[in-house]
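Chemist: Add chain Y to chain C, keeping to what the hints say.
Chains C and Y, in that order, are what the protein sequence lines are.
Using this note's numbering, the first residue of the first sequence is number 800, and each one after it goes up by one.
Using this note's numbering, the first residue of the second sequence is number 686, and each one after it goes up by one.
No wet-lab data here; the hints were simulated from the structure.
Any given hint could turn out to be false.
Lysine-lysine pairs mimicking BS3-like chemistry, simulated, CA-CA at most 30 Å apart [claimed, not checked]:
#	chain 1	residue 1	chain 2	residue 2
1	Y	K995	Y	K1026
2	Y	K1030	Y	K1017
3	C	K923	Y	K746
4	Y	K691	C	K921
5	Y	K995	C	K923
6	Y	K1030	C	K921
7	C	K921	C	K880
8	C	K921	Y	K1058
9	C	K923	Y	K1030
10	Y	K746	Y	K1058
11	Y	K995	C	K921
12	C	K923	Y	K691
13	Y	K1058	Y	K904
The model shown is predicted, which means the values in this text are computed figures rather than measured ones.
Spelled out, the chains give:
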Amino acid sequence: MNFKALVILFLVALFAWYLSFLATRLDRLHHRVETSWANLDGLLQRRAAIAIEIARSEIADPASSLLLTFAAHQAREASVKDRSQAETGLTGALGILLETSETMHGAIEQDLLRELSELNEKIKVAISLHVESVNRTILIRSKWTIRTFRLAGRAPLPVTYEFEADVL
Amino acid sequence: MTFERKRIGIVCPYGWDTPGGVQAHIADLATYLISQGHYVSVLAPTSDEENLPDYVVSAGKPISIPYNGAVARILFGPIAFARVRNWIAQGDFDLLHLHEPAIPSIALLACFAAEGPLVGTFHASAKRQKAIFAIGPILEPVIEKLTARIAVSEAARETLTEHLETDAVVVPNGIYARRLALGAMNEQWSGNSIGFIGRFQEPRKGLMVLVDALPAIIKEVPDVRIVVAGPGDSDEFLQGVPSHLRTRFTFLGRISEEEKADFLHSIGVYVAPNTGGESFGIILAEALAAGAAVVASDIPAFQALLGNGKYGELFTSEDSASLAGSISQLLKDGQRRNQLKIDGKIYAQYFDWDEVATRIYDVYEMAMVGLGKVTLSSENRGWNKFLGK
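If we strip away everything but chain C, and leave its shape as in the complex, we get (with noise of 0.2 Å):
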């Protein structure tokens, strides 16, 4: 009788750190989800930031000029719902503006058009990152232990994006 209440008290013991561990697993990955966002956030902007100031350079003509403040403004400005097409947009109007200016300009430009490719790299390595942890993250908590203990809390599911065109 007592052996047998040791070994129900040993299991509980033992599911109640697995369940333990799986909060800490799943806090680490929505503490990652946001910290990956931020990061990405802030690199969209600057983006957006640089396409207004080449709109106004003189690497872009009218129309493309247009164009790019439009697309720029869409992307700062869109809910995070429609946040990854609006920057898709950008990323489309930014790659026909490339596309086209060939090296004719002056120092200013060019440093503008290679802080725009640094930029361009490290957003895509920021949005593998974040595309990644938002998918680990929706991934664990379809676990049946997470959801039948609530383990996620109050956490909201973390939004999926597309950004079809900046994928690796």
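Modeler: For chain Y alone, kept in the frame of chain C given last:
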């Protein structure tokens, strides 16, 4: 942009004293980061505590274990784990870079013990194995802790997605492309010569495929020779070669980096008949950088590296007739050979360390944002107290 000096810890899973792709990669990366002004410490298993570079810290003697079709010199166990924890606790690192964390060695232990900005690099590519279903649940929560993952090639990335359902950023292996491009012509090796570098006795390096192809090549190109560089017992190897072909072989043994550049620059064609187990093909990239015309087997890694035949000839893997055809054709067509040499040299600049290390550092930067320093994982602390540490 203001420069920040970072403290970076790199963990090497394989014995430091045995030559290998991962070790070479880490040594080059560490040297580069140090030259950029960062503090770097590399934790690696070593059998010889002396003659180590300053930046290497020994984690103990490696154990030889058959793993994934080769003998791996790795290290694990409670003592190694304690050393890993010590190294992390004392290192005060801004970031840990773990190599091959899915292999049962100290990189996996470090990933288990640490918390904070962790970057993992996956080198190996392997076919889907049943065993992974059994070890998946153990590995997953550990691998999940990596803030960012790097795969050295598309093949390695696919392995990762298939086995562990996680994605990675592809950053190729680095080579000293600029230095290799300076190779000088050496008459000794030039002409109708076929070059090969590597441990020629290992079956998966595929030198035997070339031996089988040789009679057919001789018919087309009578004065063909084979020059082999790399460690191994040449007498033992020649025993397996038909006696009338033996005189065609020259063995150089191990060669220095400068000799390598000259060698690759001088030879007629470079051949890589590997039958598999290759994830990136660093020697092939080096051959291209030094301006060699390349013939390689059509395994996925080489196909990807050679742009599906754009930067070198591909032949059907393990098919000596196909290899003989490709080599004799290339040896007879000087124009095509020159074109390959020029294109390959330009293309291989992409793999130069300057380029590659910048991309790796980009990943580091992304991983470090908002995470603070590397600490010992809090979820282990309770355990260790419980175990009476």
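Chemist: Among the hints numbered above, which are violated by the structure, and what are their numbers in rising order?
Modeler: Numbers 3 and 13 - these are the hints that the structure violates, sorted from lowest upward.
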